[in-house]
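Novice: Below, each chain spelled out in residue letters.
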Amino acid sequence: MFLISVSAAHLLRLYERFQFLDKDNRGHLRPEDFEAVLELSENPIGDRIVEAFFKPGQETVDFPSFVRVLAHFRPTEKNRNRDKGQPDPANSRTRKLKFAFRLYDRDRDGKISRAELLQVLREMLGMQVTEEQLQSIAERAIQEADLDKDGAISFDEFRKVGPLELGSAFILLTVRHLNDEVSSLSYWRSG
Amino acid sequence: MAWFMLPVDLLFRYLGLHINVWLTLLFGFLFLPHILGVSFGIHQYYTRTLLSIFKWATLQMELSAKEKNQQLYKHYTRGIIAKTPGSTLQQEFEDLQQSTLLSLEPRFELSDVFFFCRKALESIVDDDVTKCFSAQELESWNLLKRSNRNFRYLSLKLLALWVLGVLIRYGVLLPFRVTVAVTGISLFIVLSTMVGFLPKTNYLSDKVHWMGYRLCVGSLTGIITYHNRENKPKNDGICVANHTTPIDGIILANDLCYSLVGQLHGGLLGMIQRAMVTSSSHIWFERAEVKDRHLVCFKREGMRNTFLTNLQIISFTGSCVNNTSVMMFRKGSFEIGCTIYPAAIKYDPHFGDAFWDSSKFGLVGYLVRMMSSWAIVCSVWYLPPMRRKEGEDAVQFANRVKAAIAAQAGLVDLIWDAGLKRTKVKDAFKEEEQQLYSKILMGGHEDQNRCKHTEGGCPEGDKDK
Chain A
1 MFLISVSAAH LLRLYERFQF LDKDNRGHLR PEDFEAVLEL SENPIGDRIV EAFFKPGQET
61 VDFPSFVRVL AHFRPTEKNR NRDKGQPDPA NSRTRKLKFA FRLYDRDRDG KISRAELLQV
121 LREMLGMQVT EEQLQSIAER AIQEADLDKD GAISFDEFRK VGPLELGSAF ILLTVRHLND
181 EVSSLSYWRS G
Chain B
1 MAWFMLPVDL LFRYLGLHIN VWLTLLFGFL FLPHILGVSF GIHQYYTRTL LSIFKWATLQ
61 MELSAKEKNQ QLYKHYTRGI IAKTPGSTLQ QEFEDLQQST LLSLEPRFEL SDVFFFCRKA
121 LESIVDDDVT KCFSAQELES WNLLKRSNRN FRYLSLKLLA LWVLGVLIRY GVLLPFRVTV
181 AVTGISLFIV LSTMVGFLPK TNYLSDKVHW MGYRLCVGSL TGIITYHNRE NKPKNDGICV
241 ANHTTPIDGI ILANDLCYSL VGQLHGGLLG MIQRAMVTSS SHIWFERAEV KDRHLVCFKR
301 EGMRNTFLTN LQIISFTGSC VNNTSVMMFR KGSFEIGCTI YPAAIKYDPH FGDAFWDSSK
361 FGLVGYLVRM MSSWAIVCSV WYLPPMRRKE GEDAVQFANR VKAAIAAQAG LVDLIWDAGL
421 KRTKVKDAFK EEEQQLYSKI LMGGHEDQNR CKHTEGGCPE GDKDK
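Chains as they are written, first to last, in my numbering: chain A, 1 to 191; chain B, 1 to 465.
Everything labelled a hint here was simulated from the structure, so no lab data went into it. We treat Cβ as the ideally placed atom computed from N, Cα and C, and that holds for glycine. Be aware that one or more of the hints could be misleading.
Okay, the calculated beta carbon distance ranges per label pair [stated by the list, open to error]:
| id | chain 1 | residue 1 | chain 2 | residue 2 | range |
| --- | --- | --- | --- | --- | --- |
| 1 | B | L174 | A | K98 | 49 to 59 Å |
| 2 | B | L167 | A | T94 | 50 to 60 Å |
| 3 | A | D156 | B | Q396 | 31 to 41 Å |
| 4 | B | L164 | A | P56 | 51 to 61 Å |
| 5 | A | L118 | B | L63 | 29 to 39 Å |
On the chain A side, residues computed to face chain B include the following (Cβ under 10 Å) [said to hold, decoys possible]:
| id | residue |
| --- | --- |
| 6 | L21 |
| 7 | P31 |
| 8 | L38 |
| 9 | N43 |
| 10 | F63 |
| 11 | G110 |
| 12 | S113 |
| 13 | L117 |
| 14 | E131 |
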């Protein structure tokens, strides 16, 4: 996987994709709209991913938020200058891990409980394994990751366990520049 | 006011002249050749000129884009996702886990979810199936606004060229074609019904049909090249082709007279279908009947036995796709057991995109788009006949035919059923993914379980993979 340069062309591509999913032309997406992506239904954790697009309590996602979520998956720059003043870009390792953490931690209480872990395992493995096997996998995972022995995995513990480089390879604009591009995009389309 | 009247006067005189010229040209160049089946060879010059103009236009756009230091929007941006080609679940997991350096055998890691996560996001941004159902976009621009998004990079020259193109297409080509189409269809309906009253001879009805089809093809400026004519279907079989647009039937029928099998539509199309039935034999059925495949087969059996000469049956199977892939053929045509003559149809999108996106525009909109394109260019390959082999069931035979057609036309052979466009995916696919993942995990786990039961440690790196 290698870097490809960013451009407005890619943003436009994503906008088209957004419009494709937004079949009723409302300007925002609802969870049902993602069902149009057939390959997503085949993914064991498809529903969780769709949930990740929506902020808690919100039923819709607009285009900037759509892109912001996808922006997490740009390859992390290896030698980024860590300016204290500037916020982390969306594709920093921390942000990516946070995204993945939230996939497990559905109730957003900051910890992955055993029940939540079991749920994810069940989704990924389906009926292919027995309940005992599932329990033992979950047990082992928690034992290894849970450093303060509180029976759940916090985000810090999760960070230590995650791989050094996440295997994702999208290229998008950084979130900082996002708003400029989006506003110029909407101007062009209406003109 | 007199000076003002002069130009108006001239205009009217010009128009009057114009109409005369127009009608003569129409008659001479379009009707007669099509009715008689003669061609002038103008088409080749036409296409060649157009192609060189398109190349020039694209070059201009690229130059102007480079000036602005930006990239051209190309629909084939596979560059937005760098997918690792041909990677399997197993390989991905090994890659993922190697970086953790924790253990040598695969086992569950919290990071395993990343793999599914990434696949899901990749498919949200870009998935193979829905790509089939939207129109194919071109790398080079063909002066139609609808097939290009790089409008920002138009220089003045290009803009002028484009405006000229629009004028020609909508002002000259479209009226010509509409006239030809309207005349053609009415002639066809009238003649066909008349022939229906006469005793049933194949000669007359064939002639009428041929004329009708040729006029239709002419009205779209269809430039069709038939390859491998020695494999043309003979009387005893079914011709099966990949289905891209509603005009597939016309294109095939332009060469040979077929009995068509298809869905009965309403409106103008239904009227044409009914007129066709009066002078030759076809089968039109309702969509709901398709569920009862036995009924369709029975009808076809009847056809085959009664009319043995000069009639073949085309069955188009599968839903419309945009001519880059061939979806699963429906079983019905293959169960009957007669010879199948596959035909592959491939459209050249440079001159006009024949794909009908029924969610975007209806039939009239579609026809207007077609008639205002430069031309509809396609190639038809006749493939050698195929029969069902011993021990092969209908589905396997269908897949074999489909693969042959896809290979010939250079299309991607997909296993997705085109009905998926309308229905939800079965859970079977999800289960497959789960199975794969569990095999990877459980393979490692069996080693672990064995280790747990024995006293003392178990030797490292002892995998039976």
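Novice: All hints, please: hold or fail.
Specialist: Comparing the hints with the structure gives:
1. Between B:L174 and A:K98 the CB atoms are about 56 Å apart, so this pair conforms to the stated range of 49 to 59 Å.
2. A beta carbon spacing of about 58 Å between B:L167 and A:T94 agrees with the range 50 to 60 Å that was offered as a hint.
3. Between A:D156 and B:Q396, the C-beta spacing of about 55 Å breaks the proposed range 31 to 41 Å.
4. Separation of B:L164 from A:P56 is about 56 Å and conforms to the stated range, judged on CB atoms against 51 to 61 Å.
5. In this structure the supplied range 29 to 39 Å is violated for A:L118 paired with B:L63, their Cβ-Cβ distance being about 59 Å.
6. Here the hint on A:L21 is kept, as its CB sits about 8 Å from the closest CB of chain B, short of 10 Å.
7. Below 10 Å, beta-carbon pairs count as interface contacts, and A:P31 has none with chain B, the closest being about 12 Å; its hint is therefore violated.
8. This hint holds: A:L38 has a C-beta 5 Å from the nearest C-beta of chain B, less than the 10 Å allowed.
9. Hint status for A:N43 relative to chain B: holds, with the closest Cβ pair at about 5 Å, below 10 Å.
10. Below 10 Å, beta-carbon pairs count as interface contacts, and A:F63 has none with chain B, the closest being about 13 Å; its hint is therefore violated.
11. Hint status for A:G110: violated, given a least beta-carbon distance of 15 Å to chain B, over 10 Å.
12. Interface hint at A:S113: violated, since its Cβ lies 13 Å from the closest Cβ of chain B, which is beyond the 10 Å cut-off.
13. With its C-beta approaching chain B no nearer than about 8 Å, A:L117 sits inside the 10 Å limit, and its interface hint holds.
14. Of the supplied interface hints, the one on A:E131 is violated, with its beta-carbon coming no nearer than about 14 Å to a beta-carbon of chain B, more than 10 Å.
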